[in-house]
Amino acid sequence: MPSKSRNDIVAPTRAAKPRAVKTNVHLPFFGCSVSCGFPSPADDYIEKKLDLNEYLIDKPAATFFVRVSGDSMIGAGIHPDDLLIVDRSKEPKNKSIVLAIVNGDFTVKRYMCRGGKIILKAENPAHADIAIVDGMQFEVVGVCTNVIHNLK
Amino acid sequence: MHKCHPQSQVSPAHSPCVASAPTSAQDASHISNAMPAPDASSISNLAPTPIFALVDGNSFYCSCERVFNPSLINQPVIVLSNNDGCVISRTDEAKAIGIKMGDPLHLIGDIIRRHRVRVYSSNYALYGDMSARMMTTLAQFTPELEVYSIDEAFLSLDGFANRDLADYAREIRRVVRRDTGIPTAIGIGPTKVLAKVANRAAKKNKRSGGVLNLCDRAAQDSVLAEFAAADVWGIGARSAAKLARMGVTTALQLRDADVDAVQKLLTIVGRRIVLELRGQSCLALEMVQEDRKQIVSSKSFGRPVYTLDDLKEAVANYVTRACEKLRRQKSACHTLSVFVQTNRFKDGPQYYNSGTITFGAGTASTVRMIAATSGVLETIFRDGIEYKKAGVILSDLRPAIAVEFSLFDDQRQHSQDIKAMKVMDAINARMGRDTLKVGACGNASANTSASSGAANTPAPAWTMKAAMRTPCYTTRWQDLLQVG
Numbered sequence: 001m002p003s004k005s006r007n008d009i010v011a012p013t014r015a016a017k018p019r020a021v022k023t024n025v026h027l028p029f030f031g032c033s034v035s036c037g038f039p040s041p042a043d044d045y046i047e048k049k050l051d052l053n054e055y056l057i058d059k060p061a062a063t064f065f066v067r068v069s070g071d072s073m074i075g076a077g078i079h080p081d082d083l084l085i086v087d088r089s090k091e092p093k094n095k096s097i098v099l100a101i102v103n104g105d106f107t108v109k110r111y112m113c114r115g116g117k118i119i120l121k122a123e124n125p126a127h128a129d130i131a132i133v134d135g136m137q138f139e140v141v142g143v144c145t146n147v148i149h150n151l152k
Numbered sequence: 001m002h003k004c005h006p007q008s009q010v011s012p013a014h015s016p017c018v019a020s021a022p023t024s025a026q027d028a029s030h031i032s033n034a035m036p037a038p039d040a041s042s043i044s045n046l047a048p049t050p051i052f053a054l055v056d057g058n059s060f061y062c063s064c065e066r067v068f069n070p071s072l073i074n075q076p077v078i079v080l081s082n083n084d085g086c087v088i089s090r091t092d093e094a095k096a097i098g099i100k101m102g103d104p105l106h107l108i109g110d111i112i113r114r115h116r117v118r119v120y121s122s123n124y125a126l127y128g129d130m131s132a133r134m135m136t137t138l139a140q141f142t143p144e145l146e147v148y149s150i151d152e153a154f155l156s157l158d159g160f161a162n163r164d165l166a167d168y169a170r171e172i173r174r175v176v177r178r179d180t181g182i183p184t185a186i187g188i189g190p191t192k193v194l195a196k197v198a199n200r201a202a203k204k205n206k207r208s209g210g211v212l213n214l215c216d217r218a219a220q221d222s223v224l225a226e227f228a229a230a231d232v233w234g235i236g237a238r239s240a241a242k243l244a245r246m247g248v249t250t251a252l253q254l255r256d257a258d259v260d261a262v263q264k265l266l267t268i269v270g271r272r273i274v275l276e277l278r279g280q281s282c283l284a285l286e287m288v289q290e291d292r293k294q295i296v297s298s299k300s301f302g303r304p305v306y307t308l309d310d311l312k313e314a315v316a317n318y319v320t321r322a323c324e325k326l327r328r329q330k331s332a333c334h335t336l337s338v339f340v341q342t343n344r345f346k347d348g349p350q351y352y353n354s355g356t357i358t359f360g361a362g363t364a365s366t367v368r369m370i371a372a373t374s375g376v377l378e379t380i381f382r383d384g385i386e387y388k389k390a391g392v393i394l395s396d397l398r399p400a401i402a403v404e405f406s407l408f409d410d411q412r413q414h415s416q417d418i419k420a421m422k423v424m425d426a427i428n429a430r431m432g433r434d435t436l437k438v439g440a441c442g443n444a445s446a447n448t449s450a451s452s453g454a455a456n457t458p459a460p461a462w463t464m465k466a467a468m469r470t471p472c473y474t475t476r477w478q479d480l481l482q483v484g
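If you read the protein sequences in the order shown, they are chains A and B. Numbering of the first sequence is given in this note's numbering, commencing with residue 1 and proceeding in unit increments. Numbering of the second sequence is given in this note's numbering, commencing with residue 1 and proceeding in unit increments.
Simulated from the structure, these hints should not be mistaken for lab results. Among the clues, some could well be false.
Claimed, not checked - Computed cross-link-like contacts, EDC-like style, restricted to lysine to aspartate or glutamate with a CA-CA straight-line distance of at most 20 Å:
no. : chain 1 : residue 1 : chain 2 : residue 2
1   : B       : 330       : B       : 383
2   : A       : 59        : B       : 171
3   : A       : 90        : B       : 396
4   : B       : 203       : B       : 167
5   : B       : 346       : B       : 383
6   : B       : 206       : B       : 167
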């Protein structure tokens, strides 16, 4: 009946397993400690593959990656160009690092909640904290669960 | 959702209504047409009454844009169809200032400037990913879900009758909004058609909180009385006109109309709609979609195309997309048609032509099919024509495992083709679409946009216009949202 056309290109047709985050990278896991000398014959024995997604992501459908652009959170180990993993399904607790919207802009800050007052705290003395007051557009988008920092 | 369409349209193998009409359609013929309609529970005393919820994303494409750009919240926003042609999604704010679905961009320039409407090209990579997230989230709430379109899903709530359904729906809305950022509306009813009505009414009624439960007879009566028959799912403009001649203009009148008379007017489809409005479920949840019987990939060009080479390159890209779909559903194609056409609405020489090739043994090889289409294009191409659109239609699709060979078919070539395509699909699945492609497709990406990173090479004439496309925030590393 509904000739109201189906949108074919993108609609996930198999309802069962829409995959939200497609970043499966399988790395072999060696079931022994690393020695720098002559390799043990047992090293040939590969146990299983490890999936970083499994380690870093609880809920793929609610998880988003964002790129850090400033240094306001450097004290928390979050550097410019780092990758942040944000889980929208998690409720922030006091001191969680969150991705929030304040007056139309995204910001990453530490969520401080004391006596009903919310302060978004920067982890860099050069940046001011943001006190949330009535009349501000404010929303916690999600909790930052991990930071991926490239050591190169 | 919005019906103005994207890249490749695929003719639906079946529309849900024509498709599975289980027992009740036949059963219903035994039921007298006495009015008022019998209560749903008195009919099906064998199985418990089903409960459907229809969940859909509000202004879905615009909502996806808002998730990644909070400055769009509370602002009028519109998203345009391919080639930045017409409006295919608009927010409530855009509706309020008079922008309609399907409005061509060039006719609403004034409103856009006056109200500072934010205008975007469609970003299907983003919408597709957000849709998958929404559907995954919805799947947590029901054992059975039918993805009906990019932004709509039917959920079976059969086992939930003892719960407060409206409460449950509010919880679904809250979690979808929280996990994906997409606002939704939810309609609940004993049939799909009533769930659709409920969904639409929930959106219209600001006090509903985005949720409406129409399982209750009294609620059905009052909502259907206010609901236009033309807005009922499956009633098109022509059917609505026929019904109006019969004096039926509201959904309530349609429900209480003589079911045989409606069937005479609107065929079995009309009968099912009436029965569904009465609470008798005729349309079941379709969890697995049938494979397509035909795959069409066609598009209007961003700019007019004049040369055979450009045409070949464009068509090679359409073939690539179509073959990907073909292999995904594990089919092989036996008949391939190519068509080219001019712009009917423009002065100048008009030309439409097409050519068809049949493959003795079915194939799903992009390479073979591109070679075939190039041959066809050479025969139908005419010089001095301004081409507006081209496309391919793959038909006579059969299961790939059952390909039959004649004495003259090269079986070895066939199995080599299959291997090559497997490698190509695997690489593209891993490294991104079009990482590996047939040389005939040219160098540029089919959907060039200002933000797409790989915009070093100038776009060929045939690529789509997408001047205001946002980054692919969720599917490309280089497009991730930047936050400070």
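Hint by hint, here is what the structure shows:
no.: 1; hint: B:330 / B:383; in the structure: violated, 38 Å
no.: 2; hint: A:59 / B:171; in the structure: holds, 18 Å
no.: 3; hint: A:90 / B:396; in the structure: violated, 49 Å
no.: 4; hint: B:203 / B:167; in the structure: holds, 17 Å
no.: 5; hint: B:346 / B:383; in the structure: holds, 18 Å
no.: 6; hint: B:206 / B:167; in the structure: holds, 17 Å
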